[in-house]
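4 protein chains.
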Amino acid sequence: MIVNVLAETTGEEIEHIVGIKESELRAHAKGNASRTSIGIVGGERAAQPCTLVSRECKAERTVVEVGDVRIGAEEIVVIAGPCSVESRAQLLTTAHAVKRAGATMLRGGAYKPRTSPYDFQGLGLEALRLLAEAHAETGLPVVTEVLDTEDVDTVAEYADMLQVGARNMQNFALLRRLARTPRPVLLKRGPSATIKEWLLAAEYLLAGGNAQVVLCERGIKSFETEMRNTLDLAAVARVRELSHLPVIVDPSHATGRRSLVPAAAKAALGVGADGLIIEVHPDPDNALSDGPQSLDLAGFARMMQSLHEPLRRIARAADAPARIEDLACLTEYGSMCDLP
Amino acid sequence: MIVNVLAETTGEEIEHIVGIKESELRAHAKGNASRTSIGIVGGERAAQPCTLVSRECKAERTVVEVGDVRIGAEEIVVIAGPCSVESRAQLLTTAHAVKRAGATMLRGGAYKPRTSPYDFQGLGLEALRLLAEAHAETGLPVVTEVLDTEDVDTVAEYADMLQVGARNMQNFALLRRLARTPRPVLLKRGPSATIKEWLLAAEYLLAGGNAQVVLCERGIKSFETEMRNTLDLAAVARVRELSHLPVIVDPSHATGRRSLVPAAAKAALGVGADGLIIEVHPDPDNALSDGPQSLDLAGFARMMQSLHEPLRRIARAADAPARIEDLACLTEYGSMCDLP
Amino acid sequence: MIVNVLAETTGEEIEHIVGIKESELRAHAKGNASRTSIGIVGGERAAQPCTLVSRECKAERTVVEVGDVRIGAEEIVVIAGPCSVESRAQLLTTAHAVKRAGATMLRGGAYKPRTSPYDFQGLGLEALRLLAEAHAETGLPVVTEVLDTEDVDTVAEYADMLQVGARNMQNFALLRRLARTPRPVLLKRGPSATIKEWLLAAEYLLAGGNAQVVLCERGIKSFETEMRNTLDLAAVARVRELSHLPVIVDPSHATGRRSLVPAAAKAALGVGADGLIIEVHPDPDNALSDGPQSLDLAGFARMMQSLHEPLRRIARAADAPARIEDLACLTEYGSMCDLP
Amino acid sequence: MIVNVLAETTGEEIEHIVGIKESELRAHAKGNASRTSIGIVGGERAAQPCTLVSRECKAERTVVEVGDVRIGAEEIVVIAGPCSVESRAQLLTTAHAVKRAGATMLRGGAYKPRTSPYDFQGLGLEALRLLAEAHAETGLPVVTEVLDTEDVDTVAEYADMLQVGARNMQNFALLRRLARTPRPVLLKRGPSATIKEWLLAAEYLLAGGNAQVVLCERGIKSFETEMRNTLDLAAVARVRELSHLPVIVDPSHATGRRSLVPAAAKAALGVGADGLIIEVHPDPDNALSDGPQSLDLAGFARMMQSLHEPLRRIARAADAPARIEDLACLTEYGSMCDLP
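Protein chains in written order, with my numbering: chain A, 39 to 378; chain B, 39 to 378; chain C, 39 to 378; chain D, 39 to 378.
Same shape as in the complex, but just chain A (with noise of 0.2 angstroms):
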C-alpha cells in the first residue's frame, strides 16, 4: 500500500489512516512542498509506486474537454495547423482548409524551441494574437506551447489548451506553474523519456491540481537517422493499459517526412491513439520551420479523407471527465490507494 498524504498531515495522523503501528511495518516518510508520500512495505506488498495517474487510482478512462472538442472520448480527435505561426494570412488559410478536412482543433507555435539560437524563434505575443483571431473565425479551440513560467499566463489567455513541449517534459519548474493553470495541458514525451519518466511528469501536474492532461507520443531517439525521430507506438497503447489519461500522437515530428506522416496516422489509430495531431502548412517548402514533415493543404484532405473508416470509433463506456476530485486514490489526507 502506498500513501500520499498532503505536507501538513502529522505523523499521527498518518498512523490512523494507515491503522497500523511502526512496530509492524516501515513507514518511510519523503516530504514536498504539497504532498509526503508514505510507502507502507510489508506481508507481500509490492513496493511500486501507486499514483495519480495510475489506473489503480481511477479505473474509468479520462476525458479532457478543450472548449466543446472532448480528448480522450467517442471521437478521434484530429488537431492540425503550421509548427510556426508566421503571418495571419498563413495562419488564417491554414485553419480554414484544416476546419474544412475534418480537424477539430487549431495548432500553432507562438514561442518555439529551437535547436540554434539563430533559427526562427516564433512571434511570441502576436502569434497568440492571431491564434485567438483564427479560434474566433473558425471556432476551432486552440492549442500552442510555453516555454517560460513567466509566460503562462499570457499564454492561458490567448489558448484553449497549453502545450509542454518535449525538450520540457522535465522542465519541473514550468509543470509545477501549469498544474496550476485552469487550462489543459498537452504534455508531449520527452525525445528521450522512458514511458514511466512520462507518467511521472504528468504526476506533477495531477498532484499540482491539474486533472486535465493530454499525452503525446512524438518520437524517441534511437539509432536510427532514415526518420527524425522512432515513432513508439506500442508505447500508446502500454500507456492506455498504466494509465487514464488520453494520449495522442504526432506523426509529424515523428518521422520527421512528409510522405510517411499518413500511415504513422493510421497506424497511430490502429493502435488505440485518442487523436491525432498533424503539422499542415499552405507552402510547407518555404515554412519557417519543419517543412519537411509538414503537409500541405491538399495532402491534409487527402490524408483525413483516407481515414475516414479508422476515424469513426464505437463509443467506448466507463468515460469521465478530468476531476481531480474523482481520483478514487484521493482522501481528504492526500491520495491513497492499494497496488495488486
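What the hints contain is simulated information worked out from the structure, not anything from laboratory work. Among the clues, some could well be false.
No distinction is drawn between identical chains; accordingly, a pair holds when it is met within one copy or between any pair of copies.
[To be verified] Distance condition first, Cα-Cα at most 20 angstroms in a straight line; then the derived SDA-like pairs of lysine to any residue: (1) Lys234 <-> Arg340; (2) Lys137 <-> Val107; (3) Lys234 <-> Ser327; (4) Lys234 <-> Thr263; (5) Lys234 <-> Glu279; (6) Lys234 <-> Ala336; (7) Lys137 <-> Ile114; (8) Lys234 <-> Glu264; (9) Lys234 <-> Ser297; (10) Lys137 <-> Thr263; (11) Lys234 <-> Asp328; (12) Lys137 <-> Glu195; (13) Lys234 <-> Ala135; (14) Lys234 <-> Phe158; (15) Lys234 <-> Ile114.
Based on these hints, arrange chains B, C and D on the given structure of chain A.
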C-alpha cells in the same frame, strides 16, 4: 549513375558500358568475389548506391510465393505458431487452431538462438520433422529459423521458407549461403540495424541470386525497457518507399507483452505491412521460450476477429513475382540504374 | 561563409559587409530577437554554421574563472560535494572533507529536479544559505543548479557558478535568462543530446552575452541498463576538437555506481577532460538522493590519492579568458567567420 | 543456489548433489545438448544465474596466453595492424612498423564482414598466408576474424587467436564451434549488446570447453552520430567487476575518427583495460576499408610514445591461467556455485 558489374567484366568492357572516358569522370571500382560495383560521379549526380532491392531497380512491388501463399499481394498474410516446437501435441494443436482462426502459414522454432547457453536450444531435426508433419496435416506452409550455414540444406528440405533471425541479420556467411537455396527467405531486422543496413543485408541475398526475400520488422533496441523492444512501424512505411520487397511485422517480439500484441498488430496493418508473424502457444505460462509474449489459442482467435476489417485489403496494382531476371537494373553485365 | 549579425543590421549594411550582390549569391536571412544569421552559399563553401563556441571562431582554449579557480587552465579542477544539501552538518562536514582531499570547488543541490513529484525536491533557499556558509568557511567556490528563470537572481546571489541540469539543457528560456547573469554557467549535456545540440545550447549562452561556459559530460541514454547512463568519453575529446570551451566529466551520474566512479574518473582525465564533478556524502546509504552513486568521505580521499599522477598536468599553451569581445568572429556587426 | 550439471546427470543424482527434496524447494530443469541448468529457488536465495565467466565462479583474474603474449597480466597488450590485409607489402610494412613502435600482437582482416555486398570482402586464404608470413618475420602473434563455422579450422591453422566480430557476437553456431578449437578467442561486444548478453556470449565459449577468452569493447550504437559508435568505457570497469576474463578496447572502431584514437586509448587504460587493439595502415587515405579511423605508421608511433607512462602497469596479484578445470564452480557433475 551506379553500375554493378559481374567480377569477370574487364575494364575495357566497363568503359564500353558506361560510354565515358576516365578523363571526364572518376570511376572507382571495388571488387569482390562475385560482383564489382562502380560508382561514377560526375556532373550533378548523387553518390547514393543503387541496389537490387531498391525501387529504382524495380518499381513494381514484389510478391514472394511460399507454397500457395503469396506475400506482398492483395491478401494480408498471417503467420502464427509457437516460438519453439516443444512436442508433437503442442505443435499440431497449435497448427490446427491457428489455421481455424485464419492464419495462412505456420511458424515454429527448431534451432533456437538463445542469449544463455543454459536455456532451451530447440529440438533440432526432431522439430523439423514435426513441422513437416504439421504442414502435411494442415496444408499450412512452414517457416523456421536456420542458425548455421551447415544446417541450410537440412532445414530447406523440411521447411517452405527459411528465417534469418534478428541476431544473424549481418551473419554474412549465412546470407551468402541462403542466396543459393531455392527457398524464400524471411529476413528479420537486427535489433540495432538501421534501415539501410537491413536493406543491404537483403541485397546480399539478391546479389547472390535469391530474389524471394520478405523483410520482417520485429522491434529495435532503445533506452525504453517497458517493452522488450521498440516497434519501429514508421520504418515499415519507409522501407516500402525505398524497396519493392514485401515487409511483415512481428508484434510478439517487438512488444514482449501478450496484452499489447493485438493493438500492435492492428497498427502494423494501418502502416501498410504485408503481413504479421505472431507467437501462439496452447499454454503460454509453461512455454519453454517467449511465454510472456505468446497469445493462447483463444487469444489468437479473438485477435484475428478484431482484425477482420483491416485484413481485407483492396487489390493493389503492379505487383510482380520475385524473379531475379525481372530486376530492371540487371543487364548482361550486372545491375545498372540511374539515380534521380 | 556564415555571418551572424545583430538584429538591427539593415539589409544594405549586410550587403556592405559581405561585399556581394544577391545576383551572384543567395543570401538567406533568418531573424530572431537579438541576432540574425546569414548563410551565404556560393562557390565551394560549405553550409555548416559558424558558431561562437567553435574553434573557427576562437582557436585558443577558453579559461573560465570561478572565484580563484580556473577551469580549462593547467590545473585539473575537482568539484565535489553532496547531490542534495540536506543539513548544515552534512554539508559542512562534506565541504571540509573534500577540501582536505584536494577538491577545489564545492557542489550541492538546493533545487532538485526529480523524476517523481513525491521525491525530495531540495531545501531551496535554506540550502543556498548553507552553501554560502560552506563557501565562507572553506573558501571553496560553489556551484548549484537553477531550475526556473524566476530563481536565477536568487541563486546567483549565493552561488559562484550556476548549473543547468541535463534535463534542462534545451530549456531555452532558462538559457536565455542565464546569458544575462554575470555568473559562469556549468552546462550539462542532455541525456539524449547530440554533441551538436549540446554545443548549440552553449551557443545560446554565448550569443546572449555570457562567454563563461563550462560543458559537462554526464552520460547519455542507451539501451544498456547496467549503468545509470552511458558515459560518452570520446565525446569529450571530440568537443575539445570542435570548441574552445572547457569540458568536465561527471562520473557519478554517468555510472550510477559508486564502485565505478574512480575508474571512470581516471578515464576522464585520460581522454583530456578539464575537470571532474563528483558526488560525495558522509553517509551515502542514507542520502536523500543519489546514494548509490555517492562516494563516502574516505572513498573520495582514496580516489583523489589514486588520481594523484593524472591530476598533475603539463601547462598548456594558448589558453585565453572567457571574454565575449575576444571571439575572433565577432565584429561590430555581429559574429563573422570563414569556414574551411 | 544454481547448479549447472552435464546433460547425462539423472534426476536422482541431482537430488543427491543438492541434498534436498522437491517438497521443500522447487527445482526447475531446462536441458540442452551438453549441459543442464537447475535453478533452485528457496529461502532467501536470488534467482540470478551463476556462470562460468563470473567472479563468483573464479575470483582470480584470468590470463590468456597467445604465443608468448599474456593478456590480462601485468603488461598492457597492444594489438595493431590494418583493418584488411590488402597486399604483402602493406601487411609486412605495417607489421614491422607497429612492432618497432611497441605493439606486441598483429591484427589484420582476411574475411571481412561488410555492410554492403559490393564492398571489398577480404582476400581470404591469401590473407591468412600473408598473416602467417608476417608472424614468421616479426614474431608477433596474429589475430584475425572468422565469419563462418566452415572456416574455423582453416583460420585456426594460420592464426594464433580467432576473433568473433561485433556483428557475430550472438552467432551461436559460430560460438559453439569456436568452443571446440584449441585457439584463444577475442570476443567483440555486439553493437547493441548489453553487458549481460556479452558475458553470456562468452559463456557459450566457456561452457563448450574453451576458457581462453578475451573480451573487447568496441563501441555501441546510440543516437549520437558524431562518432561511428559510442565507446562505453564504464562497461570495461563493470565487466572487470563481474567477470574474471581480460577486457581490451578498440578505440578505432569505437570512434571512427583517427584524431580521437589516442585520447580514447589513453582513457581505456585509465579505466583499467588489459589492452588495446588499434587499426594502423601505411596509407589510410587509400585503405580498402576503415581508412578514416586508421592511424598511419608515424601516427601510431606517436600515440605509443604518448602512452608510455600508462602502458607501464604495477604487477597485479592473483592472476591465473585460463584453464577450464580451474573454475571453482565446476564439479564432476558440471558447474556449481553459491550466489551471495
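Quick rundown of the hints versus the structure:
1. For the homomeric pair Lys234 and Arg340, neither the shortest alpha-carbon distance inside one copy (36 angstroms) nor that between copies (29 angstroms) is at most 20 angstroms.
2. Taking identical chains as interchangeable, the C-alpha atoms of Lys137 and Val107 lie at most 20 angstroms apart only when both belong to the same chain, with a minimum of 13 angstroms there against 44 angstroms between chains.
3. Taking identical chains as interchangeable, the C-alpha atoms of Lys234 and Ser327 lie at most 20 angstroms apart only when they sit on different chains, with a minimum of 18 angstroms there against 30 angstroms within one chain.
4. Only between protomers do Lys234 and Thr263 lie at most 20 angstroms apart by alpha-carbon distance; the minimum there is 10 angstroms, versus 25 angstroms within a single protomer.
5. In this homomeric assembly, Lys234 and Glu279 come within 20 angstroms of each other (Cα to Cα) only inside a single copy, at 12 angstroms, whereas the closest approach across copies is 29 angstroms.
6. Taking identical chains as interchangeable, the C-alpha atoms of Lys234 and Ala336 are never at most 20 angstroms apart, the minima being 38 angstroms within one chain and 31 angstroms between chains.
7. In this assembly of identical chains, Lys137 and Ile114 lie within 20 angstroms of each other by CA distance solely inside one copy; the values are 14 angstroms within and 34 angstroms between copies.
8. Within a single copy, Lys234 and Glu264 get their C-alpha atoms only as close as 27 angstroms, which misses the 20 angstroms cut-off; across copies the closest is 8 angstroms, which meets it.
9. For the identical chains of this complex, Lys234 and Ser297 are inter-copy neighbours only, at 18 angstroms across copies versus 31 angstroms inside a copy, given an alpha-carbon limit of 20 angstroms.
10. Taking the shortest alpha-carbon separations for Lys137 and Thr263, neither the intra-copy value of 33 angstroms nor the inter-copy value of 39 angstroms comes in at or below 20 angstroms.
11. Taking the closest pair of Cα atoms, Lys234 and Asp328 come within 20 angstroms of each other only across two copies (18 angstroms); inside a single copy the shortest separation is 29 angstroms, beyond that limit.
12. In this assembly of identical chains, the alpha carbons of Lys137 and Glu195 never lie at most 20 angstroms apart, being 23 angstroms within a copy and 51 angstroms across copies at closest.
13. For the identical chains of this complex, Lys234 and Ala135 are neighbours neither inside a copy (38 angstroms) nor across copies (37 angstroms), given an alpha-carbon limit of 20 angstroms.
14. Taking the shortest alpha-carbon separations for Lys234 and Phe158, only the inter-copy value of 18 angstroms comes in at or below 20 angstroms, while the best intra-copy value is 33 angstroms.
15. In the homo-oligomer, the alpha carbons of Lys234 and Ile114 never lie at most 20 angstroms apart, since the shortest distance is 25 angstroms inside one protomer and 35 angstroms across protomers.
Against the hints set out earlier in the document, violations occur for numbers 1, 6, 10, 12, 13, 15.
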